[in-house]
Amino acid sequence: MEIRKILSVALAALALLSVPLMEASATASDAERAAAEAKAREYFTNLEVIDQDGNRLRFYDDLLKDKVVAINFIFTNCQGACPLMTRQLTLVRDQLGAEIGKDIHFLSISIDPVRDTPAAMKEFAKTHEADQAGWRFVTGSPKNLTYIVQKLGQYTEDVEAHSTLLIAANVRTAHWTKIPPNVPPNGIVERLRMLIEEDAAE
Amino acid sequence: MTVNRLAGATITLLLSLLLAVPASGADDLSEAEARGKHIYTRGESTSGRVISAEVKLSAAPASASILPCLQCHGERGEGIGELSPAIDWRVLVDPAAHEHPERRHGIFDERSVARAIRNGLDPAGNGLEPTMPRYRIADEDMADLIAYLKRIGTELDPGISARSIRIGTVLPTAGPLAGIGSAIRQVIEAQFADINAAGGIHGRKLELVVGGYGADDTPAFWAAQDLVAREPVFALLSSFLPGFEPETAELVTEKQLPHVGPFALLTNDGGRYEFFTQASIVEQTHALVESTVADGRLPRVAIVYPRVKGFEALADAARDRVSARGSVRNIPYELNAFDAAGIAAGLAAAETDAVVFLGSGTEFLEFASVAEQRSFRPTLLAPARFAERVVFDLPGSFDGRVYLSYPALPSDHSESGVIDFELLHHRHDIDYSNSLAQVAAFTATRVLVDALQRAGRSPSRATLVSSLEAMRDFSPGLTPAVSFGPGQRIGARGAHVLRVDLAEGRLDAEQRWISLAP
Numbered sequence: 001m002e003i004r005k006i007l008s009v010a011l012a013a014l015a016l017l018s019v020p021l022m023e024a025s026a027t028a029s030d031a032e033r034a035a036a037e038a039k040a041r042e043y044f045t046n047l048e049v050i051d052q053d054g055n056r057l058r059f060y061d062d063l064l065k066d067k068v069v070a071i072n073f074i075f076t077n078c079q080g081a082c083p084l085m086t087r088q089l090t091l092v093r094d095q096l097g098a099e100i101g102k103d104i105h106f107l108s109i110s111i112d113p114v115r116d117t118p119a120a121m122k123e124f125a126k127t128h129e130a131d132q133a134g135w136r137f138v139t140g141s142p143k144n145l146t147y148i149v150q151k152l153g154q155y156t157e158d159v160e161a162h163s164t165l166l167i168a169a170n171v172r173t174a175h176w177t178k179i180p181p182n183v184p185p186n187g188i189v190e191r192l193r194m195l196i197e198e199d200a201a202e
Numbered sequence: 001m002t003v004n005r006l007a008g009a010t011i012t013l014l015l016s017l018l019l020a021v022p023a024s025g026a027d028d029l030s031e032a033e034a035r036g037k038h039i040y041t042r043g044e045s046t047s048g049r050v051i052s053a054e055v056k057l058s059a060a061p062a063s064a065s066i067l068p069c070l071q072c073h074g075e076r077g078e079g080i081g082e083l084s085p086a087i088d089w090r091v092l093v094d095p096a097a098h099e100h101p102e103r104r105h106g107i108f109d110e111r112s113v114a115r116a117i118r119n120g121l122d123p124a125g126n127g128l129e130p131t132m133p134r135y136r137i138a139d140e141d142m143a144d145l146i147a148y149l150k151r152i153g154t155e156l157d158p159g160i161s162a163r164s165i166r167i168g169t170v171l172p173t174a175g176p177l178a179g180i181g182s183a184i185r186q187v188i189e190a191q192f193a194d195i196n197a198a199g200g201i202h203g204r205k206l207e208l209v210v211g212g213y214g215a216d217d218t219p220a221f222w223a224a225q226d227l228v229a230r231e232p233v234f235a236l237l238s239s240f241l242p243g244f245e246p247e248t249a250e251l252v253t254e255k256q257l258p259h260v261g262p263f264a265l266l267t268n269d270g271g272r273y274e275f276f277t278q279a280s281i282v283e284q285t286h287a288l289v290e291s292t293v294a295d296g297r298l299p300r301v302a303i304v305y306p307r308v309k310g311f312e313a314l315a316d317a318a319r320d321r322v323s324a325r326g327s328v329r330n331i332p333y334e335l336n337a338f339d340a341a342g343i344a345a346g347l348a349a350a351e352t353d354a355v356v357f358l359g360s361g362t363e364f365l366e367f368a369s370v371a372e373q374r375s376f377r378p379t380l381l382a383p384a385r386f387a388e389r390v391v392f393d394l395p396g397s398f399d400g401r402v403y404l405s406y407p408a409l410p411s412d413h414s415e416s417g418v419i420d421f422e423l424l425h426h427r428h429d430i431d432y433s434n435s436l437a438q439v440a441a442f443t444a445t446r447v448l449v450d451a452l453q454r455a456g457r458s459p460s461r462a463t464l465v466s467s468l469e470a471m472r473d474f475s476p477g478l479t480p481a482v483s484f485g486p487g488q489r490i491g492a493r494g495a496h497v498l499r500v501d502l503a504e505g506r507l508d509a510e511q512r513w514i515s516l517a518p
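Taken in order, these protein sequences are the chains called A and B. At position 71 of the first sequence the residue is numbered 71 (my numbering), and the sequence of numbers has no breaks. At position 484 of the second sequence the residue is numbered 484 (my numbering), and the sequence of numbers has no breaks.
Hints in this document: simulated from the structure, not taken from any laboratory. A portion of the hints provided could be inaccurate.
[As the list claims (entries may be wrong)] A short, non-exhaustive set of chain B residues, derived as facing chain A with CB atoms under 7 angstroms:
no. : residue
1   : Asp217
2   : Thr218
3   : Pro219
4   : Phe221
5   : Trp222
6   : Gln225
7   : Asp226
8   : Ala229
Glycine included, every Cβ here is placed at the ideal spot set by N, Cα and C.
Could you put together the complete structure from these sequences and hints?
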């Protein structure tokens, strides 16, 4: 069980790395782009999730495809890192000056879907002044959420010991990065700007 | 002059009428009272102004949020003994209520209450108990707090109004378990309808709010979360949330929400607010182990169980329970990897006298047949829920050695209980499918209704808990008598253990009630 878990996390991390490598060597022909996209959709899954307003969304098509995203992991009963991390993200949002929901999308994924109802996610978002267009707080069936979080390489059995990592990506250019929690907001802002300015054609 | 006096009298009359209304339990607090309640319960002002508290014996003032009034004076201002007296307004202005062991004083008014809170002095100028903090609090906040002290104790809890008591239940309303959900719902609604037709409980009608799940793949527990968040209910009744029992227990504990008769197979540890009417598999396992005791001695007993959530703890608890009289071996196996031959060989080698078996019916048969092949014939014991279906397929050589446990049996039915149950079905056109769930819901509703009736004219969740805790030998009609107490949350603490007559194909060869009184 333990081994399998470690293996799956390792595999996920590997896959995360291999996506950009694979993409970098690709030329921008439409067929290749489509194939790469299909591959990414398959990897990250297109499983259904539910946002804080009760909208049912496809993980890849609705939340990742062609977007620049900043992803963190939360649970609404969290007394520790989640509120701090979310606070940090709101500071980043304020400093970024980019158009949220267009230039960049924020995504907070529940790692305790059993307790995190859409209403609880909404409440959490409101409390942190993050309930806005372009910032989705997603939860859903535990099976789907666990799978997605595993695919992002952030799954742990114990929610209290969950990942405090921020994942940032330009899905269009298939550039995925991990930002450790100790990077100050202006450092995160800088990295996100670079991702936003990246162009698939380059 | 006369006109003035008349006007004065009229105003007094009007005032007294107005004042009389909240005394019977008005629901809504004024804005000032609500702000005051926030200060009372949390030690924080909604305005953001700082309130600090200083305790005589320690130097630095702390935030009042660490020492809110509520902590010592209680949710209803009732106080705790001599150290923290009752502080609701009726007590504060009662001339007879201010004889303390060390000091006495006259009644309080708004000014002297403010002085007590800020300077720790009673109306006569005596120092209050040293444990009472001195608060630094702005005048506006003090006014709000005093407004609330005039109301405290008269508020009704969430889910209860002058006319109704709203009870919640969380059930499968779609999907494979919907039949069980609908059985529970029908039986509760039918009983509520009958009670309401007879005038309700102290004039209040019972309303049932159902949190349904099963229509999609979202977690069943969301229905519980949403029900509690969306619609304040006074108590929960007979919720059926298989697999989410620990989360449910956590939720009702956090919300201080009594939950009567959760329909749960395995769990019996729901904390302070869950009241179980009958023995779960946990107590049944204890009873099966206890039933093997002969002449005060425990034979060599083993508990064989699949390694699934909850079973490890229950097997350990059963073992610990009898540890003074002998030892029990716990034999876990991996789910879907039951090695009947290996386990039987091990138990035979250890000369095991009795096996409490908590696996599936099929595994039970498999185990018995490999044991039989080795001429190993221990006493076999199992909860009826797991084994009743297969028990007559056991090898005949085990005759006289097979026992099943039941939380309730037809022998627990009272004549009036049976009649009431039948009439309920007849009057409300309910069929008899899912009868186990129906009986559980019938029992839980009767327990709740009896406790509510005894909880007085203005019940709170706290008085409901006390009233449930005061329940002794209440006969719900179809199941064993229910008694709760402080720290006692299993209503019928024990189980029937039946010897199975394999030769005759009878379940009632010998019947004993194993009491698990602590």
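Of the hints given before, which are not true for this structure? Those not satisfied: there are none.
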